[in-house]
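Chains as they are written, first to last, in the working numbering: chain U, 10 to 472; chain F, 10 to 472.
FYI, nobody ran anything at the bench for these hints, they're computed from the structure. Don't take each hint at face value.
Repeated chains share a single entry, so a pair holds when one copy, or any two copies, can fit it.
Heads up, simulated DSSO-like pairs for lysine-lysine below, C-alpha to C-alpha not over 27 Å straight-line [as the list claims (entries may be wrong)]:
| # | residue 1 | residue 2 |
| --- | --- | --- |
| 1 | K12 | K277 |
| 2 | K185 | K205 |
| 3 | K74 | K381 |
| 4 | K185 | K200 |
| 5 | K328 | K381 |
| 6 | K196 | K41 |
| 7 | K196 | K185 |
| 8 | K392 | K205 |
Note that the structure is a prediction, hence the values are computed from the model and not measured.
2 protein chains.
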Amino acid sequence: MEKISIAEARRAAAVGREVRLQGWVRTRRDSKGGFSFLEINDGSSFGNVQVIAEGSLANYESEVKRLGAGCSVTVEGAVKTSPAKGQETEVRATRIVVHGWADPETYPLQKKQHSFEFLRTLAHLRPRTNTFGAIARTRNCVCRSIHAFFQERGFLYIHTPIITASDCEGAGEMFKVSTLDLANVPKAEGKVDFSKDFFHRPAYLTVSGQLQGESFACSLGKIYTFGPTFRAENSNTSRHLAEFWMVEPEMAFYELSDNMDLAEAFLKRIFRDVLQQVPEDVQFFNARIDDTVIATLEGIVASEFVRLTYTEAVERLEKSGQTFEFPVAWGRDLQAEHERYLTERVFQRPVILFDYPRSIKPFYMRVNDDGKTVRAMDILVPKVGEIIGGSQREERLDVLEQRMREQGLAPENYGWYADLRRYGTVPHAGFGLGLERAVQFITGMANIRDVIPFPRTPGNAEF
Amino acid sequence: MEKISIAEARRAAAVGREVRLQGWVRTRRDSKGGFSFLEINDGSSFGNVQVIAEGSLANYESEVKRLGAGCSVTVEGAVKTSPAKGQETEVRATRIVVHGWADPETYPLQKKQHSFEFLRTLAHLRPRTNTFGAIARTRNCVCRSIHAFFQERGFLYIHTPIITASDCEGAGEMFKVSTLDLANVPKAEGKVDFSKDFFHRPAYLTVSGQLQGESFACSLGKIYTFGPTFRAENSNTSRHLAEFWMVEPEMAFYELSDNMDLAEAFLKRIFRDVLQQVPEDVQFFNARIDDTVIATLEGIVASEFVRLTYTEAVERLEKSGQTFEFPVAWGRDLQAEHERYLTERVFQRPVILFDYPRSIKPFYMRVNDDGKTVRAMDILVPKVGEIIGGSQREERLDVLEQRMREQGLAPENYGWYADLRRYGTVPHAGFGLGLERAVQFITGMANIRDVIPFPRTPGNAEF
Chain U
10 MEKISIAEAR RAAAVGREVR LQGWVRTRRD SKGGFSFLEI NDGSSFGNVQ
60 VIAEGSLANY ESEVKRLGAG CSVTVEGAVK TSPAKGQETE VRATRIVVHG
110 WADPETYPLQ KKQHSFEFLR TLAHLRPRTN TFGAIARTRN CVCRSIHAFF
160 QERGFLYIHT PIITASDCEG AGEMFKVSTL DLANVPKAEG KVDFSKDFFH
210 RPAYLTVSGQ LQGESFACSL GKIYTFGPTF RAENSNTSRH LAEFWMVEPE
260 MAFYELSDNM DLAEAFLKRI FRDVLQQVPE DVQFFNARID DTVIATLEGI
310 VASEFVRLTY TEAVERLEKS GQTFEFPVAW GRDLQAEHER YLTERVFQRP
360 VILFDYPRSI KPFYMRVNDD GKTVRAMDIL VPKVGEIIGG SQREERLDVL
410 EQRMREQGLA PENYGWYADL RRYGTVPHAG FGLGLERAVQ FITGMANIRD
460 VIPFPRTPGN AEF
Chain F
10 MEKISIAEAR RAAAVGREVR LQGWVRTRRD SKGGFSFLEI NDGSSFGNVQ
60 VIAEGSLANY ESEVKRLGAG CSVTVEGAVK TSPAKGQETE VRATRIVVHG
110 WADPETYPLQ KKQHSFEFLR TLAHLRPRTN TFGAIARTRN CVCRSIHAFF
160 QERGFLYIHT PIITASDCEG AGEMFKVSTL DLANVPKAEG KVDFSKDFFH
210 RPAYLTVSGQ LQGESFACSL GKIYTFGPTF RAENSNTSRH LAEFWMVEPE
260 MAFYELSDNM DLAEAFLKRI FRDVLQQVPE DVQFFNARID DTVIATLEGI
310 VASEFVRLTY TEAVERLEKS GQTFEFPVAW GRDLQAEHER YLTERVFQRP
360 VILFDYPRSI KPFYMRVNDD GKTVRAMDIL VPKVGEIIGG SQREERLDVL
410 EQRMREQGLA PENYGWYADL RRYGTVPHAG FGLGLERAVQ FITGMANIRD
460 VIPFPRTPGN AEF
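Extracted from the complex, chain U is given alone in its bound form (with noise of 0.2 Å):
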């Protein structure tokens, strides 16, 4: 007797044999006729495999009448052809096992709605729900794309480092990392005395792999990293963490084009491998959480992005009559309701806006030859805005350097990023896709802490 997956089970392939099936019960229900159904679920899919447990199993009377949600079983049994509704198979249990009960007094998952707030407190056990094993799904459904998109290209999975006594953008709001004792912080001349620290210096948690990453590209090509990036923010909002997963993949001899080409198949391609490998998951979404969300996925990858400057787009928003709450000009940062009235109103898809305004962006991007923007770009996505951002990265010395002290960056704290540009230096670019932004938007789900397993916040690191 093979043990097989409840995803297995439920194919109509399975019929006729005899199987053992192990998971967590959904529900049950008794018949008049003096036996039971059992709802049974692996994790191994969305749906369950209904089990019948007839009256004449030993521990009928003494178990399976008690069993609830969450008690864990094996089922051993004949895969049948079902004759109900909604399902190809079912299977005639010979033999049921209990492996762990789940008082229905104290289980806090019970077969009533729970709503996402409470299931925030049960972190360890909420992936047991519906919405969570849809979720879990499709966060690993996108994790293997991004995996396989780029390994199909020939790059480089590359690991730059969580901890860092560097900072990518000049930006505040990282985390320290130490092994002083905190109550009792030793001292030299007044201030703290990195000497007795674990690395002899201030250390933080990384908000970003690029530097580092760029090192790699323009040694051996092209490489992309995925880790966990860090900010110290204090937003209690729908759509920060504290703690989230970045992919940035970073190319040498790419321009801005290429790697707009790059990004749209990038985004393309993980939303068509998740309509296409965790359907049942995509249509609970669907039904459930967000109508909008197989038509939205689907729109984005049978289109052709829209590409539009900057300069262009600040006309269009500027002509467009709307009334928005923080003002469009030149030189200012576009707003979510900007991005959003763009792909939503005006294009109707995807939107990469390129070639932004030098003064607001950071000090690595290159600098056009008008001498007033740089060659950034973000991808705009309908409901969230900018789902990606990147750009070519400068590659002369000289403008890389100039633009470090126009940002009041010192260049001698960045003499290994500027080697890059002093020995073999190459154009080159890249961009970064917040894992949870993509998994937010292609399930619907409206908190971002529901779409990262133990999600961390400010006053939140539970579990």
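Based on these hints, arrange chain F on the given structure of chain U.
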């Protein structure tokens, strides 16, 4: 004219194509015939392509003859069958564009061999060398294998948290994560006032995702984590990193023998993929780093792992007549010298040791019926000793809590973890593989700092 990789250009199938290549010059050699040979590499393969640069090129005298190690170029030309030994193809350039120079007076990577220790100070440039390019491709291959292995078997990739308020093994040596001002730590009643810190409590960098991984396995069946983990140990050795990547699969309804089967198949898959997918890199390691690596990997792929209880292993060691630095006695942990003796001398193949004394293993390992041992397993391989550690987990709530108390841990701090046993508990098991230990084993590199892009060790968070 199509851009192709140097890996492609080196294959006989490319002969006859007009192509564009982009990469970095490794060497230039001028012929008396008034032309030059350039060796170009772009990271796509260990080997370079040889480019013939005729004296008739427009920039031959002005630029081509000044090219040296580290310069970046675009080469356009025709792929020809090479008359030279050791290469199938060569490229006759019709055009060479220089993107970036590398002044031979200051470029730190000259043709001569540098020590690995020196190259560690150039972590941003060392991937341009043969050795570190080969390591990057091999590490990428291992990562790809890891994902492929688990995805093909229906495992879900889960991201467990990096910042955590709990501690997997009750061990110390964790990094603190904080946003408090270290120069002026807020206090309340003489203690650190963590209510002012980002998470409102002490927070740390994770040492393992196992406990959180268990919560997903106990909901969705088969999962794996693959992420960074941290140790704040002050160990300046060739085998320790403060930040390293770990793979941790966790499977519901797996007992210890299932766990062993999976771990054995997993290791063999990684080693087989490396031998097949990056053969040039492995040949390089075998030729230049450690002339046993190919035979060792092939031996492991072909062997059946020995399975031996800890108790039997101790008996074997006691009877061996061998003098060890550390004495062997039942109840003590085995040292690397003992592990290596078993795998190298006694069995000459990998050994899975299991059923270790309960007193030397963490609380979460399942207690055997003998009451003295737990369902732990370690996989030992030649040269390094333990490469994988794992166990069947204690699924019985009462035994788990007794084990916590036995080890001085307060069960009330592990309430969510106990819930996995309280509600629908299942037999389950898992193991961990340190990525860098595996890459070190495969490549034969003596120092673990050389198999991760930017190593973090005491006193070192450069780049």
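Structure-based check of all given hints:
1. K12 with K277: Only across copies: K12 and K277 sit 23 Å apart there, 36 Å inside one copy, limit 27 Å.
2. K185 with K205: both (15 Å within a copy, 14 Å between copies)
3. K74 with K381: neither (74 Å within a copy, 37 Å between copies)
4. K185 with K200: Intra 16 Å, inter 19 Å, cutoff 27 Å: intra and inter.
5. K328 with K381: Answer is within; shortest intra-copy Cα gap is 22 Å, inter-copy 79 Å.
6. K196 with K41: Answer is neither: 77 Å inside a copy and 66 Å across each miss the 27 Å cutoff.
7. K196 with K185: both (17 Å within a copy, 18 Å between copies)
8. K392 with K205: neither (49 Å within a copy, 35 Å between copies)
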